[in-house]
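Q: Residue numbers (the working numbering), protein chains in the order written: chain A, 104 to 684; chain B, 164 to 537.
The reader is advised that the hints may include incorrect statements.
Unchecked claim - Derived BS3-like pairs: lysine-lysine, alpha-carbon spacing no greater than 27 Å straight-line:
no. : chain 1 : residue 1 : chain 2 : residue 2
1   : B       : K246      : A       : K509
2   : B       : K444      : A       : K580
3   : B       : K444      : B       : K523
None of these hints come from the bench; they were simulated from the model.
Residues per chain are reported as follows:
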Amino acid sequence: MEVVAKGHARPAAKPPLWQRLDFKWIIIGICVVGVAYLALMPLGFLLWQSFYTPQTASQAAEFTLANYTEAYSSVETIRLLGNSIYFAVGTAAFSFVVGTGLAWMNERTNTPFKSLFFALSIIPLIIPGILFTVSWILLASPKIGIFNLLLQNWFGTDYVFFNVYSMWGMIWVEGLHYSPMAFLIMTAAFRSMDPSLEESALMSGASVGQIAWRITLKLTWPAIFATILILFVRAVESFEVPALLGLPVGIQVFTSSIYQAIHQYPSKVGLASSYAVTLLLITTVGVYLQSRLSSRGNKYSTVTGKGYRPRAMDLGKWRYFTASIFIVYFGLIVVLPFLVLVWSSLQKFYSVPSMEAVHNLTFDAYKFMIEYPTLLDSVWNSLLLALGSATIIMLATSVICWIVVKTKMPGRWLLDNMASLPMVFPGLVLGLSIMVFYLNFDIGIYGTMWIMFIAYVTRFLPYGLRYNTTSMLQIHKELEESASMSGASWGTAFWRIILPLLKPGLMAGWIYIVIVSIRELSTSILLYSPGTEVISIMIWELWENGQYVELSALGVMFIIALFVLVMIAQMLGKRFGVKEA
Amino acid sequence: MLSVQNLCTEYPNEHGEVVKAAQDITFEVPEGKLFTLLGPSGCGKTTTLRSIAGLERPKSGLISVGGAAVYSSSGNVFVAPNKRNFGMVFQSYAIWPHMNVFQNAAFPLEVGAKRYSKKEIQDKVMRVLTAVGLDQYADREATKMSGGQQQRLALARALVMEPKLLLLDEPLSNLDAKLRERMRFELKRMQRELGLTTIYVTHDQSEALALSHEIAVMNSGRIAQVGSPRDIYERPRNKFVADFVGLTNFIDATVEGPDEGDNHYRVTSGIGSLKVTSYDKFDKGDAALISVRPEDIQVHENERPQGDNVLEGTVSFKVFLGEYMDFQIKVGNREVLARVHPSLKAPVGAKVYLRLNPEKCICIADDAQLKKAA
């Protein structure tokens, strides 16, 4: 009977829903929803917060325009806007001029020591902004700056030669810090230019000046403008320099004002949000124009398949001049900042270099730092956050990237844009929005490592996407299709074909994100609480406490650690190379 | 074995417009035969192949293999490509660069629905590598292989899973000319020995003619003609097929009426009155196009030959091509291309006689007439 009954039983028409749900769609679903949540949530809540009064236990949030009226009715805001633009434009212009000059020297002239230029590509990775700023304070502050003291000694005056606590000081430090980035972008632009375009102008009888003006400049102008824009955006969203150099003398920009609005009692979250929205508008316009320019730049695309490099211009005796420019630059950007940190770290109390001080060298500061109670915790936190977010980001963006590059799924451009959206968020603004969101939606992660983890993943998502996209574009569609024809499911094909082939980009992106996460300050500064400090936060706290000597010791160890990390990355990545994205 | 009926596949291009890549494609492939989809780039041959593979999802139609539908718009059936058990060789070969030769060939056995033991995999892979002559390279990195070896490996990978159907997407197009010809023979031998039902996509007409049991010539998303290689070459049914496959002379003509013998007509043309063969029906006064291949034109230097379709012309110029010579001959007010044995020494400007075999003068309905009928 039983057998008969079984025979009559209808073959299960459809398995339950959870079985029919393909593994592929589960993974894709998680990645898409995750990215959408991470990218859109902070933006939405930032906007919401800027229109509402702060929610307190006794009073619910109410709609208000007061934040904007307060922000925009005061003369203070006009000055803020003026300062921000002044600072960002100055920084962009300065770093662009320096970076382009160096790029030209490196690419088109026979300046000696050219091989040292490679170092420029890793400096921004190994010297975090906060340490660079601190070292320039030690070098050029009016009271303790070594430059000032030396010059005053020589000339026997008390005239202040350099004052880093000024708008020009800020532009100087920030511009120097971003100049390697300008150098890298402009080097790429020079390299992608077909030298025969210049040579044919030369054969037409044009002079060097005419070629530079009418051919080289005209061809590279999209790259030039895009570079200036990106430098502008980076400068306007930078936090360390305005906070350390601007705030003490009352030069405020948007980022430092947001920080102040949060760190006063009672904290003005609404006001900070309305500043943040303004800042976000500026960066959005900048990033949008920049991406428009880059895609329009394809029209000017001058890349050819020909592998020959342009003739290097013979500078004659002038090449010693350009070499000395380079050596001075190298000193200003690496040697002096690092040496001053080393010097300061070997003191008991900070003092200017002198014969007398040399006798008092001590490793006390290092001992102090190593025994510092929260050092191990913050190193552990930094590592955990960096490794965790890099891994999650690279895996999630590999799926996102696959959807965007390899499928014809409708709405995939939207996904691409969503994952790139955090690019327009200044770190501080992102920190603020995430703080606001999880204060309002209390799911118990505020004040834990999780909120910082979410912030890091959101912030660096676009970098992961970019690294993966470059790699993904190089994987021929048929490599995956042939796996499918061989009988492999989507998951198998992704795991055994796509991911291994993606490895160069995956590894490079992973290492890059690890490095930038470890240095991260501007997002963490609004999200950390006791117990979840990271290394950069520790440096910040030491600065606030005035423990310069200890800070220097930590900074020196930090830079050496980053240097080792970058070197390992470079060795691992001979084939793919880690570079500033 | 394979049956494709009323297949339509379309996809959006970069501008979001719908491209009707394959329209109303219908053909049958019997068990063990090699069927070729031949056409210029953009004709829809690859789309058709990819639809059979399951890599493109068709819009409508029916694809069945051995009686079981793998795609049916009416039955709402779509079998995923990895469940179809078809072997495929891609144009780029798609050899996975991160695996060695053995791993590449073993992959289908490792990931398929059927589980194999290590020993079975080893045996099967080595057998198929031996069959394509790569057994001594099993441990070599796949990227260290030459183009021809990669092509064999791709074939081995497609064969190792003992597929129901073998799909080949321009497998020879990336090889240099010499190797291409050798692989052509090898491919043919292997297909005939294994008796594997094969769909072959190519834009190279000589490849199609050399390999196929049957050819479908495609043009702008539709099948222009299906037939044996000889059919396609000797009896093209429309201007496109005559033009695309081989070299031909087109002569505009007007039908006078039937001539003696089956399927024969008498036409008047720019080069004179001709007796021609046709597989379509024509009425007196219909516009027609006569296609005659250069090698079907006999050229006589001195005496006028006997028989039908003998014309008089003058040599305009000639090209020596080694195994044969091309003569451009002016007949009436037109130039005619004739391909002749190099022993013909007629100088430029000389008077020659041309004889066009009526069986080889194919009368094709002119496009204008087709439009009128439609």
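Q: For every hint, state whether the structure bears it out.
A: Results for each hint:
In summary, the hint linking K246(B) to K509(A) is supported, as the alpha carbons are separated by about 21 Å, within the 27 Å threshold. At roughly 48 Å between alpha-carbon atoms, K444(B) and K580(A) are farther apart than 27 Å, so this suggested pair is violated. The straight-line distance between the Cα atoms of K444(B) and K523(B) is roughly 17 Å, inside the 27 Å bound, and the hint therefore holds.
Violated hint: 2 only; the structure is consistent with all others.
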